[in-house]
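Please construct the entire structure, taking both the sequences and the accompanying hints into account.
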Amino acid sequence: MDLGIRGKKAIVCASSKGLGRGCAMALAEAGCDLVVNGRNAEQLARTAAELRERFGVKVTEIVGDVSKPEVQKALLAACPDPDILVNNNGGPPRRDFRALDREKILEGVTQNMVTPVELVQAVIDGMAARGFGRIVNITSLSVYVPIPGLDLSSGARAGLTSFLAGVARTVVDRNVTINNLLPGKHDTDRLRDPKEAGTVEDPAAAAARKASTSADVPAKRLGTPEEFGQICAFLCSVHAGYLTGQNIPVDGGLYVSAF
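So in full-length UniProt numbering, the last one in the sequence shown is 259, and the numbering has no gaps at all.
Hints listed in this document are in silico derivations from the structure and should not be mistaken for laboratory results. Hints are supplied without guarantee of correctness; some may be wrong.
Across the chosen pairs, the derived CB separations fall in these ranges [as the list claims (entries may be wrong)]:
1) Ala206 <-> Ile147: 21 to 27 angstroms
2) His239 <-> Arg130: 15 to 21 angstroms
3) Ala165 <-> Asp189: 26 to 32 angstroms
4) Gly7 <-> Ala77: 17 to 23 angstroms
5) Ile147 <-> Glu107: 16 to 22 angstroms
6) Arg130 <-> Gly245: 27 to 33 angstroms
7) Glu107 <-> Lys73: 15 to 21 angstroms
8) Asn40 <-> Gly131: 32 to 38 angstroms
All C-beta atoms in this analysis are idealised placements derived from N, C-alpha and C, irrespective of residue type, glycine included.
Okay, here's the thing in structure tokens:
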């Protein structure tokens, strides 16, 4: 399917690896020029080089934590009039809520609620004036399904969901949509032991880990960043202009609900 977004400009936050990288790859495949972002300069450079080589699109790299105002300014300076914004950021580490002090709580809310709201504020009026805009927020299935230890992440992302639900309805008449993707269990570093992040697993150990982790998923497998990215790209397409304010689980059927 031609997504109709060739030549569009997209900012994809936290896109050097994992689900953000999957989204950047899918948008590049659709012909979008990209501003990509990540905290690790070397990893970001590798991703950017692959995007350019595989898809022949323009790619600008902005290194840093997207929750920092100076990094946000750099993203917007690199692409002041984006057609597409994909909000993404790592969540707070798993910890008992009793271990959270005010500083940690505010940091988590800043990363997963305040930062995407700030970026939406910066781009939404320009999108509306130009008559096209697609905003996709990568949140979490924990918005629907509480996960003990991820209370801060769940609360901040649920706050973002509620905040933007009303905003989405104010701009859809100008062909600007805001939707949320709720990932379940995907085969990214986040599901690995921290010491394994970025390393190559023994094939047998990887197979055992994936089987154990996906045992409760109806699809009986982990999702991939690539298929997650393709769903994101469709939401950013010209075909999705009548879909807004929605939360879409991408979870292999893990979230059980008829509605």
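Hints versus structure:
no. : hint                                  : verdict
1   : Ala206 <-> Ile147: 21 to 27 angstroms : holds (23 angstroms)
2   : His239 <-> Arg130: 15 to 21 angstroms : holds (18 angstroms)
3   : Ala165 <-> Asp189: 26 to 32 angstroms : holds (30 angstroms)
4   : Gly7 <-> Ala77: 17 to 23 angstroms    : holds (21 angstroms)
5   : Ile147 <-> Glu107: 16 to 22 angstroms : holds (19 angstroms)
6   : Arg130 <-> Gly245: 27 to 33 angstroms : violated (20 angstroms)
7   : Glu107 <-> Lys73: 15 to 21 angstroms  : holds (20 angstroms)
8   : Asn40 <-> Gly131: 32 to 38 angstroms  : holds (37 angstroms)
Consistency with the previously given hints fails for number 6 only.
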